[in-house]
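> Next come the chains, spelled out residue by residue.
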Amino acid sequence: GESVGLHLPTLSVQEGDNSIINCAYSNSASDYFIWYKQESGKGPQFIIDIRSNMDKRQGQRVTVLLNKTVKHLSLQIAATQPGDSAVYFCAESFQGAQKLVFGQGTRLTINP
Amino acid sequence: NAGVMQNPRHLVRRRGQEARLRCSPMKGHSHVYWYRQLPEEGLKFMVYLQKENIIDESGMPKERFSAEFPKEGPSILRIQQVVRGDSAAYFCASSPRTSTGSGNTIYFGEGSWLTVV
Numbered sequence: 209g210e211s212v213g214l215h216l217p218t219l220s221v222q223e224g225d226n227s228i229i230n231c232a233y234s235n236s237a238s239d240y241f242i243w244y245k246q247e248s249g250k251g252p253q254f255i256i257d258i259r260s261n262m263d264k265r266q267g268q269r270v271t272v273l274l275n276k277t278v279k280h281l282s283l284q285i286a287a288t289q290p291g292d293s294a295v296y297f298c299a300e301s302f303q304g305a306q307k308l309v310f311g312q313g314t315r316l317t318i319n320p
Numbered sequence: 114n115a116g117v118m119q120n121p122r123h124l125v126r127r128r129g130q131e132a133r134l135r136c137s138p139m140k141g142h143s144h145v146y147w148y149r150q151l152p153e154e155g156l157k158f159m160v161y162l163q164k165e166n167i168i169d170e171s172g173m174p175k176e177r178f179s180a181e182f183p184k185e186g187p188s189i190l191r192i193q194q195v196v197r198g199d200s201a202a203y204f205c206a207s208s209p210r211t212s213t214g215s216g217n218t219i220y221f222g223e224g225s226w227l228t229v230v
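Protein chains in written order, with the numbering used here: chain A, 209 to 320; chain B, 114 to 230.
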């Protein structure tokens, strides 16, 4: 849903552990979802996407899970590395729409 | 392969001045989007353009903001008479075809950071 002007939620994990970042989306009509990674001072970088006719999709070290029943999306990062430190945003869209609606974002920090 | 190119990367303007932000989409992309990001927030949609046409400007403030994507040259986001509240990062994105719902990935540029003093 629409983000609000609050401090970003933060997730801290040990290097090498798996990370799970969660996102609740707002529109039950949304049928396309994307995860973006944003490092400080940079633009959002595409990580992985999923359509609503799927409930799981895997990429390199990342997996996205979609639960349409509860309107929940998650991003799993395996064997977290220091370079994974960033803010992660989920975004949703629906057929025919020309815009993405971004979630609030989660700051992922990696402890050595 | 050049990505979405934005300039300037950083821009400082005094209150009341004009800001012009430029965006060149990825090669082969004819759809351009502008988003705004305030600190510690997600991106907010502003406007969607195709060549010479504004398709959706539902996220644009009613006054002082305008956007264009001419037949030749980059897309321009123009902010007139800037105020401190306009300070933000402005991101341009592009895609090859319409309808994000069909899975056409939108790629973002590195952003233009506007500071109004």
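Think of the hints as simulated: they come from the structure by calculation, not from any bench.
Mixed in with the good hints there might be a few duds.
Stated by the list, open to error - From the derived model, a few chain B residues whose C-beta atoms are all more than 10 Å from chain A:
no., residue
1, R126
2, S143
3, E154
4, K175
5, E176
6, S179
7, E185
8, G198
9, G222
10, T228
Unchecked claim - Subject to a maximum C-alpha distance of 25 Å in a straight line, what follows is the list of computed SDA-like cross-link-like pairs (lysine to any residue):
no., chain 1, residue 1, chain 2, residue 2
11, B, K184, B, M173
12, A, K250, B, T218
13, B, K157, B, R191
14, B, K157, A, L274
15, A, K250, B, L124
16, A, K250, B, R122
17, B, K157, B, I168
All values reported here derive from a predicted model rather than from experimental measurement.
The beta carbon of each residue, even a glycine, is placed where N, CA and C say it ideally should be.
> Now, for every hint given, state plainly whether the structure supports it.
We went through each hint and held it up to the structure:
1. With a minimum CB-CB distance of about 19 Å to chain A, R126 (chain B) clears the 10 Å threshold, and the non-interface call stands.
2. Look at S143 (chain B): its CB is around 13 Å from the nearest CB on chain A, clear of 10 Å, so calling it non-interface holds up.
3. With 10 Å as the threshold on Cβ separation, the claim that E154 (chain B) sits away from chain A is violated: the shortest Cβ distance comes to roughly 5 Å.
4. In this structure K175 (chain B) is separated from chain A by more than 10 Å, as the shortest Cβ-Cβ distance comes to about 18 Å.
5. The beta carbon of E176 (chain B) sits about 21 Å from the closest Cβ of chain A, which is more than 10 Å, so the claim that it is off the interface holds.
6. Once the 10 Å rule is applied to beta carbons, S179 (chain B) is consistent with being away from chain A; the minimum gap is 18 Å.
7. Every Cβ of chain A is farther than 10 Å from the Cβ of E185 (chain B); the closest lies at roughly 23 Å, confirming the non-interface assignment.
8. Interface exclusion of G198 (chain B) from chain A stands, the closest Cβ pair being 12 Å apart, more than 10 Å.
9. For G222 (chain B), the requirement that its beta carbon stay farther than 10 Å from each beta carbon of chain A is not met, with the minimum near 5 Å.
10. Remark: the non-interface label on T228 (chain B) is consistent with the geometry, its nearest Cβ contact in chain A lying 13 Å away (cut-off 10 Å).
11. Straight-line distance between C-alpha atoms of K184 (chain B) and M173 (chain B) comes to about 21 Å, which keeps the hinted pair within the 25 Å bound.
12. With a C-alpha separation of about 18 Å, the suggested pairing of K250 (chain A) with T218 (chain B) holds against the 25 Å cut-off.
13. For the proposed pair K157 (chain B) and R191 (chain B), the alpha carbon gap of about 17 Å is at most 25 Å, so the pair holds.
14. With a CA separation close to 23 Å, the supplied pair K157 (chain B) and L274 (chain A) stays within the 25 Å bound.
15. Pair hint K250 (chain A) plus L124 (chain B) holds up; C-alpha atoms about 15 Å apart against a cutoff of 25 Å.
16. The suggested pairing of K250 (chain A) with R122 (chain B) holds, with an alpha-carbon distance near 10 Å, which does not exceed 25 Å.
17. Note on K157 (chain B) and I168 (chain B): the hinted pairing holds, with a Cα-Cα distance of about 17 Å set against a maximum of 25 Å.
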